[in-house]
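Protein chains: 2
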Amino acid sequence: MQAMNPKVLISEVGPRDGLQSVKATMATADKLRWINALHAAGVREIEVASFVPARLLPQMADAAGVVRHALTLPGLMVIALVPNVRGAQAAIEAGAMKLTIPVSASAAHSLANVRKTREDMLVEVRSIVALRNERAPHVKVEANISTAFGCTLQGEVAEDDVVRLAAECIAAGADESGLSDTTGMANPAQVRRLFNKVRAAIGGRTGAAHMHNTRGLGLANCLAAYDVGVRTFDSSMGGLGGCPYAPGASGNVVTEDLVFMFEAMGVATGIDLQKLIAARAPLIAGLPGEPVYGMTPEAGLPMGWKQGAVHG
Amino acid sequence: MQAMNPKVLISEVGPRDGLQSVKATMATADKLRWINALHAAGVREIEVASFVPARLLPQMADAAGVVRHALTLPGLMVIALVPNVRGAQAAIEAGAMKLTIPVSASAAHSLANVRKTREDMLVEVRSIVALRNERAPHVKVEANISTAFGCTLQGEVAEDDVVRLAAECIAAGADESGLSDTTGMANPAQVRRLFNKVRAAIGGRTGAAHMHNTRGLGLANCLAAYDVGVRTFDSSMGGLGGCPYAPGASGNVVTEDLVFMFEAMGVATGIDLQKLIAARAPLIAGLPGEPVYGMTPEAGLPMGWKQGAVHG
Numbered sequence: 011m012q013a014m015n016p017k018v019l020i021s022e023v024g025p026r027d028g029l030q031s032v033k034a035t036m037a038t039a040d041k042l043r044w045i046n047a048l049h050a051a052g053v054r055e056i057e058v059a060s061f062v063p064a065r066l067l068p069q070m071a072d073a074a075g076v077v078r079h080a081l082t083l084p085g086l087m088v089i090a091l092v093p094n095v096r097g098a099q100a101a102i103e104a105g106a107m108k109l110t111i112p113v114s115a116s117a118a119h120s121l122a123n124v125r126k127t128r129e130d131m132l133v134e135v136r137s138i139v140a141l142r143n144e145r146a147p148h149v150k151v152e153a154n155i156s157t158a159f160g161c162t163l164q165g166e167v168a169e170d171d172v173v174r175l176a177a178e179c180i181a182a183g184a185d186e187s188g189l190s191d192t193t194g195m196a197n198p199a200q201v202r203r204l205f206n207k208v209r210a211a212i213g214g215r216t217g218a219a220h221m222h223n224t225r226g227l228g229l230a231n232c233l234a235a236y237d238v239g240v241r242t243f244d245s246s247m248g249g250l251g252g253c254p255y256a257p258g259a260s261g262n263v264v265t266e267d268l269v270f271m272f273e274a275m276g277v278a279t280g281i282d283l284q285k286l287i288a289a290r291a292p293l294i295a296g297l298p299g300e301p302v303y304g305m306t307p308e309a310g311l312p313m314g315w316k317q318g319a320v321h322g
Numbered sequence: 011m012q013a014m015n016p017k018v019l020i021s022e023v024g025p026r027d028g029l030q031s032v033k034a035t036m037a038t039a040d041k042l043r044w045i046n047a048l049h050a051a052g053v054r055e056i057e058v059a060s061f062v063p064a065r066l067l068p069q070m071a072d073a074a075g076v077v078r079h080a081l082t083l084p085g086l087m088v089i090a091l092v093p094n095v096r097g098a099q100a101a102i103e104a105g106a107m108k109l110t111i112p113v114s115a116s117a118a119h120s121l122a123n124v125r126k127t128r129e130d131m132l133v134e135v136r137s138i139v140a141l142r143n144e145r146a147p148h149v150k151v152e153a154n155i156s157t158a159f160g161c162t163l164q165g166e167v168a169e170d171d172v173v174r175l176a177a178e179c180i181a182a183g184a185d186e187s188g189l190s191d192t193t194g195m196a197n198p199a200q201v202r203r204l205f206n207k208v209r210a211a212i213g214g215r216t217g218a219a220h221m222h223n224t225r226g227l228g229l230a231n232c233l234a235a236y237d238v239g240v241r242t243f244d245s246s247m248g249g250l251g252g253c254p255y256a257p258g259a260s261g262n263v264v265t266e267d268l269v270f271m272f273e274a275m276g277v278a279t280g281i282d283l284q285k286l287i288a289a290r291a292p293l294i295a296g297l298p299g300e301p302v303y304g305m306t307p308e309a310g311l312p313m314g315w316k317q318g319a320v321h322g
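Heads up: the sequence lines are chains A and B, in that order.
No gaps in the numbering here: position 57 of the first sequence is 67 in the numbering used here, and each next residue is one more.
No gaps in the numbering here: position 283 of the second sequence is 293 in the numbering used here, and each next residue is one more.
Be aware that a few hints might be false.
Any copy will do: because identical chains look the same in the list, a pair fits if it lies in one copy or spans two.
Restricting the straight-line Cα-Cα distance to at most 35 Å, the calculated cross-link-like pairs of lysine-lysine (DSBU-like) are [what the hints assert, rightly or not]:
id	residue 1	residue 2
1	Lys-126	Lys-316
2	Lys-33	Lys-207
3	Lys-316	Lys-207
4	Lys-126	Lys-17
5	Lys-33	Lys-126
If you're looking for bench data, these hints aren't it; they were derived computationally from the structure.
Values in this document were obtained by computation on a predicted structure and should not be read as measured data.
Work out the full structure, taking the sequences as your base and the hints as a guide.
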């Protein structure tokens with residue numbers, strides 16, 4: 011295998027976004043085995059936990075322990091999701107290196123998801139940034155604009171709202187702001203248009219594309235984002251985070267298929283695809299009975315596949 | 011619904027490519043009901059049958075009758091696949107409006123699929139064109155370069171072979187030459203590169219993109235082809251033509267998801283998505299027990315969906 015500098019960063023969100031969406035709670039030891047396997051495959055950014063009250067999300071009750079373990083893996087950017095200052099405090103105490111804050115572009119979704127208006131969430135971003143500045147200035151803060159491409163509660167979301175919100179998050183002190191297709195409503199033309207608009211507003215502080223595969227467009231949308239300069243992509247091993255075939259499913263983009271697409275294109279991810287596919291074993295073992303998707307793992311790698319070569 | 015001129019042509023291949031890949035033989039009456047429903051949804055090009063010996067493909071024994079029925083549907087381009095002059099003769103007699111000839115870019119696949127070398131297939135193309143010129147000059151002849159993006163028998167396929175073969179097909183008198191990812195090995199960078207090279211060689215005679223979803227990249231590859239000017243796309247209702255989850259599967263791009271992608275982008279297909287989804291019923295009824303895929307039909311159309319509007 012040819013050594014290549016990664017050209018894109020694949021940010022694995024399965025241990026947080028995926029696990030908090032399934033009913034079962036994965037045992038902490040299983041989580042750590044899975045995270046180890048992801049790291050061994052070359053994954054260098056993982057959203058490992060969510061700092062929310064355990065009574066709301068028992069799947070995340072071990073968040074601090076998971077963060078502490080992840081910190082022992084060399085070269086890994088350890089991300090925690092925090093919806094508020096209290097969560098940020100706990101995440102910083104545990105040692106998280108990056109905090110990601112969900113900020114809904116849809117007014118209806120914001121109230122439903124975090125019981126706050128968009129304006130109140132901006133206040134929260136400012137408070138989290140103040141805490142970070144005081145306690146842990148090395149920690150990165152990322153605000154992800156959820157429902158950026160449409161909302162199942164209110165329908166369309168105005169692009170101007172998305173762009174303004176991203177700019178307000180940066181003005182509030184966030185280091186980066188990315189766009190999430192929380193509801194699987196994005197299309198490639200919209201992805202290009204909206205990322206271009208956001209980049210025009212916040213430049214290099216434009217963050218990750220977080221795409222869903224609800225209607226099968228996940229990879230096409232990632233390609234569209236790549237085309238307009240996005241270089242960080244959230245995805246979930248096995249598409250964990252909602253059954254892509256169920257109505258209303260979230261359906262994260264499958265990490266394995268995303269890595270296959272980029273590597274086949276000659277866009278280095280830094281991830282060894284065969285080891286990545288092997289990392290499905292601890293996930294499957296830790297969540298018995300849960301569907302684990304992925305077209306590339308099912309079909310197998312193409313004949314003559316050589317990672318690091320430009321195909322085909 | 012706003013009337014819009016179609017900007018892309020979706021060429022439905024399910025009744026040929028799909029049905030000849032499943033074990034069961036769909037009853038002729040069911041085929042006609044399905045084709046009627048596709049036409050009612052606005053589909054204006056259908057590959058309805060394959061003219062091959064019935065002992066080899068019993069699923070296509072009723073090819074002539076299916077073509078004759080399809081000819082009664084107004085505005086429909088009726089395509090038949092023909093592997094040789096004998097098939098072309100039968101297809102022309104039945105009234106097919108366009109003949110599509112599979113020409114493998116992979117030497118190994120050519121021998122396995124049609125028991126002919128690539129050179130012998132070019133001779134066949136010339137003979138079919140001669141027959142067409144003599145008997146039915148209004149009939150179009152299309153040569154589709156199969157295994158254009160890689161081959162499960164020989165591995166990589168040289169791009170120069172593909173470009174030269176397409177040019178030779180046009181020189182042999184074919185009206186168009188498209189590219190097929192028969193084996194699901196294509197990636198978006200390769201799709202752009204190869205279609206650009208083919209266009210440089212044969213210009214406006216560049217035909218359809220026929221993509222498979224074997225490793226989940228089907229729609230991304232269609233988007234890539236669209237980006238470099240391709241405007242005709244082969245796809246199959248329900249992804250019929252091989253289980254996308256089985257090793258070695260063909261896994262055609264799902265028509266419903268492809269139409270959703272283009273319509274969501276504001277690229278008119280001329281197809282009513284709700285009627286298209288309704289056209290799954292006769293397919294499912296006619297092939298009991300056969301898996302029928304499609305993420306968009308499973309998830310449903312997004313809230314606020316208005317066909318003919320630019321989303322979102």
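Structure-based check of all given hints:
For a Cα distance limit of 35 Å, the shortest separation of Lys-126 from Lys-316 across copies, 30 Å, qualifies, whereas the shortest one inside one copy, 49 Å, does not. In the homo-oligomer, the alpha carbons of Lys-33 and Lys-207 never lie at most 35 Å apart, since the shortest distance is 37 Å inside one protomer and 50 Å across protomers. In this assembly of identical chains, the alpha carbons of Lys-316 and Lys-207 lie at most 35 Å apart only when taken from different copies (24 Å versus 37 Å within one copy). When the C-alpha separation of Lys-126 and Lys-17 is checked against a cutoff of 35 Å, the pair qualifies neither within a copy, at 37 Å, nor between copies, at 43 Å.
Taking identical chains as interchangeable, the C-alpha atoms of Lys-33 and Lys-126 lie at most 35 Å apart only when both belong to the same chain, with a minimum of 25 Å there against 55 Å between chains.
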